[in-house]
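Chains as they are written, first to last, in full-length UniProt numbering: chain A, 1 to 460; chain B, 1 to 460.
Hints are computed from structural coordinates only; laboratory data are not their basis.
Ideal Cβ placement from N, Cα and C applies to all residues, glycine included.
Hints are supplied without guarantee of correctness; some may be wrong.
[What the hints assert, rightly or not] Cβ-Cβ distance ranges computed for the label pairs, FRET-style:
| # | chain 1 | residue 1 | chain 2 | residue 2 | range |
| --- | --- | --- | --- | --- | --- |
| 1 | B | 324 | A | 320 | 47 to 55 Å |
| 2 | B | 395 | A | 183 | 41 to 49 Å |
| 3 | A | 183 | B | 425 | 36 to 44 Å |
| 4 | B | 399 | A | 20 | 33 to 41 Å |
| 5 | A | 327 | B | 7 | 55 to 63 Å |
Protein chains: 2
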Amino acid sequence: MTTVSNEETRTDRLVKWAVDLKYSDIPDHVVQRTKDFFLDTLGCAIAGRNHPAVSAMVRFAAQMGPSSGKSELIDSSHNLTTSPPFASLINAAASHVVEQDDLHNRSIMHPATVIFPAALAVAQDVGANGQEFITACVVGYEVGCRVGEYLGKSHYEKFHSTATGGVIGVAAAVSHLLKLDASQTLSAVGTAGTQAAGLWQFLMDATHSKQVHTAKACFDGIFAAYSARDGLLGPRDILEGPRAMGAALVPGKASPESIDRNLGLEYAVVRSSFKWHASCRHTHPSVDALLNLMSKSGIGFDDIDSIRVPTYQAAINVLSLSGEGDTVHQSKFSMGFVLAIAAKKGQAMITDFTEEDLKDPSLRVFQKRVKMEFDAELDAHFPEKWQGTVIVTCKSGKSYRESVEFAKGDPELPLTRSEIEAKTRALASYGGIADMGTVDSLIKRAWKLEHESDVRGFVF
Amino acid sequence: MTTVSNEETRTDRLVKWAVDLKYSDIPDHVVQRTKDFFLDTLGCAIAGRNHPAVSAMVRFAAQMGPSSGKSELIDSSHNLTTSPPFASLINAAASHVVEQDDLHNRSIMHPATVIFPAALAVAQDVGANGQEFITACVVGYEVGCRVGEYLGKSHYEKFHSTATGGVIGVAAAVSHLLKLDASQTLSAVGTAGTQAAGLWQFLMDATHSKQVHTAKACFDGIFAAYSARDGLLGPRDILEGPRAMGAALVPGKASPESIDRNLGLEYAVVRSSFKWHASCRHTHPSVDALLNLMSKSGIGFDDIDSIRVPTYQAAINVLSLSGEGDTVHQSKFSMGFVLAIAAKKGQAMITDFTEEDLKDPSLRVFQKRVKMEFDAELDAHFPEKWQGTVIVTCKSGKSYRESVEFAKGDPELPLTRSEIEAKTRALASYGGIADMGTVDSLIKRAWKLEHESDVRGFVF
Numbered sequence: 001m002t003t004v005s006n007e008e009t010r011t012d013r014l015v016k017w018a019v020d021l022k023y024s025d026i027p028d029h030v031v032q033r034t035k036d037f038f039l040d041t042l043g044c045a046i047a048g049r050n051h052p053a054v055s056a057m058v059r060f061a062a063q064m065g066p067s068s069g070k071s072e073l074i075d076s077s078h079n080l081t082t083s084p085p086f087a088s089l090i091n092a093a094a095s096h097v098v099e100q101d102d103l104h105n106r107s108i109m110h111p112a113t114v115i116f117p118a119a120l121a122v123a124q125d126v127g128a129n130g131q132e133f134i135t136a137c138v139v140g141y142e143v144g145c146r147v148g149e150y151l152g153k154s155h156y157e158k159f160h161s162t163a164t165g166g167v168i169g170v171a172a173a174v175s176h177l178l179k180l181d182a183s184q185t186l187s188a189v190g191t192a193g194t195q196a197a198g199l200w201q202f203l204m205d206a207t208h209s210k211q212v213h214t215a216k217a218c219f220d221g222i223f224a225a226y227s228a229r230d231g232l233l234g235p236r237d238i239l240e241g242p243r244a245m246g247a248a249l250v251p252g253k254a255s256p257e258s259i260d261r262n263l264g265l266e267y268a269v270v271r272s273s274f275k276w277h278a279s280c281r282h283t284h285p286s287v288d289a290l291l292n293l294m295s296k297s298g299i300g301f302d303d304i305d306s307i308r309v310p311t312y313q314a315a316i317n318v319l320s321l322s323g324e325g326d327t328v329h330q331s332k333f334s335m336g337f338v339l340a341i342a343a344k345k346g347q348a349m350i351t352d353f354t355e356e357d358l359k360d361p362s363l364r365v366f367q368k369r370v371k372m373e374f375d376a377e378l379d380a381h382f383p384e385k386w387q388g389t390v391i392v393t394c395k396s397g398k399s400y401r402e403s404v405e406f407a408k409g410d411p412e413l414p415l416t417r418s419e420i421e422a423k424t425r426a427l428a429s430y431g432g433i434a435d436m437g438t439v440d441s442l443i444k445r446a447w448k449l450e451h452e453s454d455v456r457g458f459v460f
Numbered sequence: 001m002t003t004v005s006n007e008e009t010r011t012d013r014l015v016k017w018a019v020d021l022k023y024s025d026i027p028d029h030v031v032q033r034t035k036d037f038f039l040d041t042l043g044c045a046i047a048g049r050n051h052p053a054v055s056a057m058v059r060f061a062a063q064m065g066p067s068s069g070k071s072e073l074i075d076s077s078h079n080l081t082t083s084p085p086f087a088s089l090i091n092a093a094a095s096h097v098v099e100q101d102d103l104h105n106r107s108i109m110h111p112a113t114v115i116f117p118a119a120l121a122v123a124q125d126v127g128a129n130g131q132e133f134i135t136a137c138v139v140g141y142e143v144g145c146r147v148g149e150y151l152g153k154s155h156y157e158k159f160h161s162t163a164t165g166g167v168i169g170v171a172a173a174v175s176h177l178l179k180l181d182a183s184q185t186l187s188a189v190g191t192a193g194t195q196a197a198g199l200w201q202f203l204m205d206a207t208h209s210k211q212v213h214t215a216k217a218c219f220d221g222i223f224a225a226y227s228a229r230d231g232l233l234g235p236r237d238i239l240e241g242p243r244a245m246g247a248a249l250v251p252g253k254a255s256p257e258s259i260d261r262n263l264g265l266e267y268a269v270v271r272s273s274f275k276w277h278a279s280c281r282h283t284h285p286s287v288d289a290l291l292n293l294m295s296k297s298g299i300g301f302d303d304i305d306s307i308r309v310p311t312y313q314a315a316i317n318v319l320s321l322s323g324e325g326d327t328v329h330q331s332k333f334s335m336g337f338v339l340a341i342a343a344k345k346g347q348a349m350i351t352d353f354t355e356e357d358l359k360d361p362s363l364r365v366f367q368k369r370v371k372m373e374f375d376a377e378l379d380a381h382f383p384e385k386w387q388g389t390v391i392v393t394c395k396s397g398k399s400y401r402e403s404v405e406f407a408k409g410d411p412e413l414p415l416t417r418s419e420i421e422a423k424t425r426a427l428a429s430y431g432g433i434a435d436m437g438t439v440d441s442l443i444k445r446a447w448k449l450e451h452e453s454d455v456r457g458f459v460f
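Just chain A, same shape as in the assembly (with noise of 0.2 Å):
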């Protein structure tokens, strides 16, 4: 009546993989990624600093935590340095707040908004330097993105992933900084699975949890890691065990074979994409679709009827949950304000979606004007492949048909280094940089951040 087998689980085998990595064994273009997806998260924590809840995070930090500490907020101007998880709770908040973090496409998590601030909290923390913290964020996004491929399509429904595989992510990101042994790590991530939480409900009304999901990921990841290194043990099979994450979170749905199968052999990171354009990461595809198909036909938005977006189902779920989107955080989740604002703009970047833009009526007409329906082949292929359709009716009436394979940003079609650099200076000026020398300065140490004999002043 043992209920504690020896035999090695795939939880086992993963953790293995994470506690041994070397920053030796990860292929330069792993690298190189990393790097860009690190300078990307600092543009986006920036941007979204002024969020209310990032200012309630400050407050809770600043009554709650330390009066001081090593590990630095990215927005330098609450002059408040603290412990771990107060920064990584705040930059994490921060760096999810404008929809321009990065996305890991088959788990449908977004990893940087996570995985970057706990392990540069931490690294701050135990003085690691740029290699090592490297290698922990090459950990975590392996073992968050591999636990929200494990979680799938159908947990995706209710929660939100980057939360719920983000949290796993960051307990083993931080192990590695911390040193922690197979069987600490283990811990760290067992305890980190039985605190994943995150719901989607907070998108029927607007509120505030998209920030609190990636913040508490950090800190509770955070939380998990250190415990485990003072002597607290977690379950040892929480992702495949009986009352596990799996068989709570998404019962008889689960991926196992998504949890270890060709470690070492491929990188999450460069499975990851950039977002480009300033929304919900579902509504890409079709933006780019009807860019493309603008360009190519040369009608412009005054020129179109109407619009249907063929799509796949997990997109139409989060899609449909935002209303007409009231307010610009939400104007970001509706497949038809996006179009709008694309068409008539001609791009859809974090400067184009404005107070005012919410009360023209022209978006707002085109708006009600785009329908999006259900794809059977296109939600076959959901989440390997993000594809997207736009048929646009003509006012002439004229129909056009454009679909991309992949959209701008995709691990096939990334941002180059010129396209990440202009895409921080808008994050960072929107975020109300003027001097625009701190960033090129950040900018320059990001790029060669595996010679960095720490990781202490990457704020703005």
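Fit chain B to the supplied structure of chain A, relying on the hints for placement.
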């Protein structure tokens, strides 16, 4: 296509009741029972203070939290005062170690171990008096237990309801102490609910998540309430919304009427049970039945050949997870071992479960001859009634059957004040407190809690 309805939800009604409750509204017997459970919790916390999970959390608080604060650890030996989330983290972990804290039968929750530590830490932070503290605790019990009942027994199959319902109760109790209005409290409750987590997986390998769950329910609920005060918006219908707790954590099986039925007419505090025995609460009715049977029939430990224990499914689920009980903690989750202890020692108090007992062959042989079996009738009444039946076959061939409708400590059979005092002294003694003068003065202060001008100094 608007998604936010202005119709009053059950969650709205529950929150409105919580915000409006005044001390003068609370019937005296509810006040008295609240004090009973408060004292009981203090004893539990001191008894559990040396558990490795508690030590890891003390270290986490010392390292990540402030160097001092207004909130106290019930175990004063650490010389640490801190901020409310860290103090409650530690006190909640400690008070859930020895399995002697209360049980709210219908929700299958242990409310005391989350509500009191959170409310105590916040009451100390804001300088609340005894009446304000009691009122907040009554709110926390009511809201938390109603959410636990809403989620129900199928939720409990995978989730530790003490955590998932508890975090909401904490948010409500803390909101009351912070004097938040209904809208802010709704946000606090929403933010708490989107963090709700806690899986039973740890029972499989005797790891420490049970304490993580109570500790984090406090931390997270306090985070939710303070953040709500500071402008963080939470989803408005975190219980019944389409992507909310009911839909995600117990799809199709929640009990909405539990949320707001008889609000202000029934009180969860007086529907909660004391734990008299030191084992998993699911074993208590069977222990009582066995002790009654042995007392009536005059048979002793050595006379018993085997025992059949008809019981409800939730007991079988939880008690099947800990194997034979390789640790003292696990042994309290083995029906066979617990009945063996009770039969041999005539009781199953905290001092009756020792490392030596784990190696006692007579107990191990007895343990193996106890078999639980599913009983449809007992199951139909659970969790309204936690009934117990044992069918004992003696070595002589004679067989006996005994049932109890309620266990000692149930609302129908509550402990007396002198029993509570005796239990508190036993818990303190188990926790290594030699000075019974301190214990006696805490007991005295607890009995006149409603006349206290503050709730500081409830420490051993």
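The hints, checked one at a time:
1. 324/B - 320/A: 47 to 55 Å: Check passed, 51 Å falls within 47 to 55 Å.
2. 395/B - 183/A: 41 to 49 Å: Check passed, 45 Å falls within 41 to 49 Å.
3. 183/A - 425/B: 36 to 44 Å: holds (39 Å)
4. 399/B - 20/A: 33 to 41 Å: violated (59 Å)
5. 327/A - 7/B: 55 to 63 Å: Given about 21 Å between the Cβ atoms, the range is violated.
Hint check: violations occur at hints 4, 5; the rest are consistent with the structure.
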